[in-house]
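Each chain, letter by letter, is given below.
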Amino acid sequence: MAYPIVRYLIPPPIPEANISSIRVGSVGDFSPETGIIFQFGRIPGILIRLENGQFKAFSATCTHLSCIVQYRGDLNQIWCACHNGRFDLTGRNVAGPPPRPLEEYDVKLEGEEVWVTKRA
Amino acid sequence: MWKRLRDWIDQRFETGLLIDFLKKKKVPHGKGWFWYYFGGVALFLFVVQVISGILLLFYYKASADSAYESIRFIMSQVKFGWLVRSVHSWAGNLMVLAVFIHMFSVFFLRAYRKPREMTWISGVILLLLVMGFGFSGYLLPWNELSYFATKVGTDIIGVIPIVGKAMMTLLRGSEEVTGATLPRFYGIHVAMLPLIFTLVLTTHLIFIQVQGMSEPRGWETVPEEKKVHIPFFPNFVLRDLLLWLIVFNILAVLAVLFPWELGQKADLFSSAPAGIKPEWYFLFMFQALKYIPGTVLFIDGELLGILAFLIGGLFWLLIPFLDTTDDGTARARGIKLGGTFILLFIVVMTVLGFVV
Chain A
1 MAYPIVRYLI PPPIPEANIS SIRVGSVGDF SPETGIIFQF GRIPGILIRL ENGQFKAFSA
61 TCTHLSCIVQ YRGDLNQIWC ACHNGRFDLT GRNVAGPPPR PLEEYDVKLE GEEVWVTKRA
Chain B
1 MWKRLRDWID QRFETGLLID FLKKKKVPHG KGWFWYYFGG VALFLFVVQV ISGILLLFYY
61 KASADSAYES IRFIMSQVKF GWLVRSVHSW AGNLMVLAVF IHMFSVFFLR AYRKPREMTW
121 ISGVILLLLV MGFGFSGYLL PWNELSYFAT KVGTDIIGVI PIVGKAMMTL LRGSEEVTGA
181 TLPRFYGIHV AMLPLIFTLV LTTHLIFIQV QGMSEPRGWE TVPEEKKVHI PFFPNFVLRD
241 LLLWLIVFNI LAVLAVLFPW ELGQKADLFS SAPAGIKPEW YFLFMFQALK YIPGTVLFID
301 GELLGILAFL IGGLFWLLIP FLDTTDDGTA RARGIKLGGT FILLFIVVMT VLGFVV
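Same order as they appear, the protein sequences are chains A and B. Quick note: the first sequence uses our numbering, first residue 1, plus one each step. Quick note: the second sequence uses our numbering, first residue 1, plus one each step.
Fair warning: there could be bad hints in the mix.
As the list claims (entries may be wrong) - Listed below are the simulated BS3-like cross-link pairs for lysine-lysine, each with C-alpha atoms no more than 30 Å apart in a straight line:
1) B:K79 <-> A:K56
2) B:K26 <-> B:K277
3) B:K336 <-> B:K227
4) B:K165 <-> B:K265
5) B:K226 <-> A:K56
6) B:K3 <-> B:K31
7) B:K226 <-> A:K118
8) B:K165 <-> B:K277
9) B:K226 <-> B:K26
To be verified - Selected chain A positions facing chain B (in silico; Cβ < 8 Å):
10) I10
11) P11
12) P12
13) P44
14) H64
15) C67
16) V69
17) Q70
18) Q77
19) P98
20) P101
21) V107
Hint data in this document are derived by calculation from the structure and do not stem from the laboratory. Glycine residues also receive a C-beta, built at the ideal position from the N, C-alpha and C atoms.
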C-alpha cells in the first residue's frame, strides 16, 4: 500500500532543454566592479565584470547550503549572505563554511555581446 | 432547562463518569508549580492557530503565481485580514516558545522519569511537529526570506547520508525549491501535520490524564498528609483560564502593535539578501552552521553539523531511558549538565544570531 503512495509523491522528471550557452547581455550593460545574477536554464549564474573590464562567470549556487551568492565590490569577493561564505574571483572558497569552489563558466565576447558557456 | 439538558445528555453518554473523574482529579501543588501551566498555554495557542489558520484558508491561494498576491490581498483588502494573519504568525511563534518552556521545565523538574517515558517521547514528537508547522508555514507567503529559508532548510535535509537527497526531492517536489514546492508545503502545513499533531497530542493528553501530573522532586519522602494538592476542577482550570487570558492579551498587543510584515516577493533568480535569518527557533542551528569550517578532517562541515544536531536530538529523545537513577547520583548530574549545556547552546547561538 505504501509503494504507490511513495511513487506518487516522487515528482516525475520534467524534460528540460539542455542549455550549454546563453547570451547574458551587451558589454555596455555591465559597469566594472559589478555582478549580476542571470538564469542559466533552471540554475542561477553570476556574471562579474572586474575592474580591468574582464568578465568572469560562475554558478551562483553556494556550495554550502545552496543560497544564491552575490558580488561584493567592497570585499572584491563573491559572498553568500546566508552563512557568510566567501569565494575569491576565481570561484575558490576562501572563508566561511562553503566546502567547495563555485563551478566556473567560460565567458566569450562576440562583438558587443556577452556569452556564457558551461565547460564540458 | 439546564438540568433537563444535562439529564438528556447523561442518559445517553453517562457523563457522570467524566464528572466524577473531574471531581476526584487533583494536581500536586509544590515547588515549581508555575511551570505546570505552560503545556496548557501551548494547547491554547494551538487552538488559536487552528482558528486563525482556517480563516486564512478562505483567501489564501497556494501557487507561486498567486500566493504572495493573495496574502497581500488578505492584508490590504480583506477587513481585519492583517489582524488574522498577524495573530496566526505571532501565535505560531508564541506556541513554539510555550512548547520550549514546557519541555525544559519538564526536563529540569525531571518529570519525564518512570512511568512518564512515553509522555516525554510524545512531547518531543510534538515539539518536532510544531517546528515542522513553523517551517512549512514560513514558505506559504512565498516571499524572499521564506524562499531562502526553505532552500537552506531543505538543503540541510539533503545532507543526511543515504536517504537525504531522496527526502529533499520528495519534500521539494523538484530538485530545487520551485513553484512545485509550494503546494507540497501547503498540504503538509494544513492537512498532514494537523492530522498527525492531533493524534499525537491526544495521545500525550491521555497519558497525562491516566498517569496524573508528576509530583515535585523530593515528594517521595514526604508523608501523604503533608503533600499539598489542589482540585483540578475548578481551581487548576480557573488558573489555566486566567493564564490563557493573559497570553491572549499579549498576543493581541503583539499582533496589533507589530503586524507581521510580508516582505518582497520571492525571486528565484536573485541573490540572498544581506542579513537574512530564519525564524528565531531555527536560529541556533543556522548560527552554529556558520562557525563550522567547510571541511573538518576530510568530512564536509555541514554534514558534521547536521550529525551533531541529530545526536543531540537523539540524546534529548532518550533522556527518560538514560536518567533512571535517584537525585544526586553521578548519572543524574551528568544528564542535568547535558541538558543545561543544550539549553545554553540554544540560548547563546540564538543571541549571537541576532547580534552578529
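Against the structure, the hints come out as follows:
For a cut-off of 30 Å, the pair hint linking K79 of chain B to K56 of chain A is broken: about 51 Å separates their Cα positions. For the given pair, K26 of chain B sits about 45 Å from K277 of chain B by alpha-carbon distance, which is inconsistent with the 30 Å threshold. This hinted pair checks out: K336 of chain B and K227 of chain B have alpha carbons roughly 26 Å apart, not beyond 30 Å. The straight-line distance between the Cα atoms of K165 of chain B and K265 of chain B is roughly 27 Å, inside the 30 Å bound, and the hint therefore holds.
Annotation: proposed proximity of K226 of chain B to K56 of chain A is violated, straight-line Cα distance about 79 Å (limit 30 Å). Restraint check for K3 of chain B and K31 of chain B: not satisfied, since their Cα atoms lie roughly 40 Å apart, outside the 30 Å limit. For the proposed pair K226 of chain B and K118 of chain A, the alpha carbon gap of about 79 Å is over 30 Å, so the pair is violated. At roughly 24 Å between alpha-carbon atoms, K165 of chain B and K277 of chain B fall within 30 Å of each other, so this suggested pair holds.
Taken as a hint, the K226 of chain B and K26 of chain B pair is honoured in the structure, with Cα atoms around 15 Å apart against an allowance of 30 Å. Taking 8 Å as the C-beta cut-off, the interface hint given for I10 of chain A holds, the closest approach to chain B being about 6 Å. Hint on P11 of chain A holds. Least Cβ distance to chain B is approximately 5 Å, under the 8 Å limit. Hint on P12 of chain A is violated. Least Cβ distance to chain B is approximately 10 Å, over the 8 Å limit.
Interface hint status for P44 of chain A: upheld, as the beta-carbon distance to the closest one in chain B is roughly 5 Å, under 8 Å. Because the beta carbon of H64 of chain A sits about 6 Å from the nearest beta carbon in chain B, less than 8 Å, this interface hint is met. Using the Cβ-Cβ criterion of 8 Å, the hint placing C67 of chain A at the interface with chain B is satisfied: the shortest such distance is roughly 4 Å. Contact between V69 of chain A and chain B, as hinted, is supported at the beta carbon level, the nearest pair being about 6 Å apart and thus within 8 Å.
Hint on Q70 of chain A holds. Least Cβ distance to chain B is approximately 3 Å, under the 8 Å limit. The interface hint given for Q77 of chain A is violated, since its Cβ lies 13 Å from the closest Cβ of chain B, which is over the 8 Å cut-off. About 6 Å separates the beta-carbon of P98 of chain A from the nearest beta-carbon of chain B, less than 8 Å, and the hint is met. The restraint placing P101 of chain A at the interface with chain B is violated, with a minimum CB-CB distance near 10 Å, outside the 8 Å limit.
Interface restraint check: V107 of chain A against chain B, minimum CB-CB distance 18 Å, threshold 8 Å, status violated.
Of the numbered hints listed earlier, those contradicted by the structure are 1, 2, 5, 6, 7, 12, 18, 20, 21.
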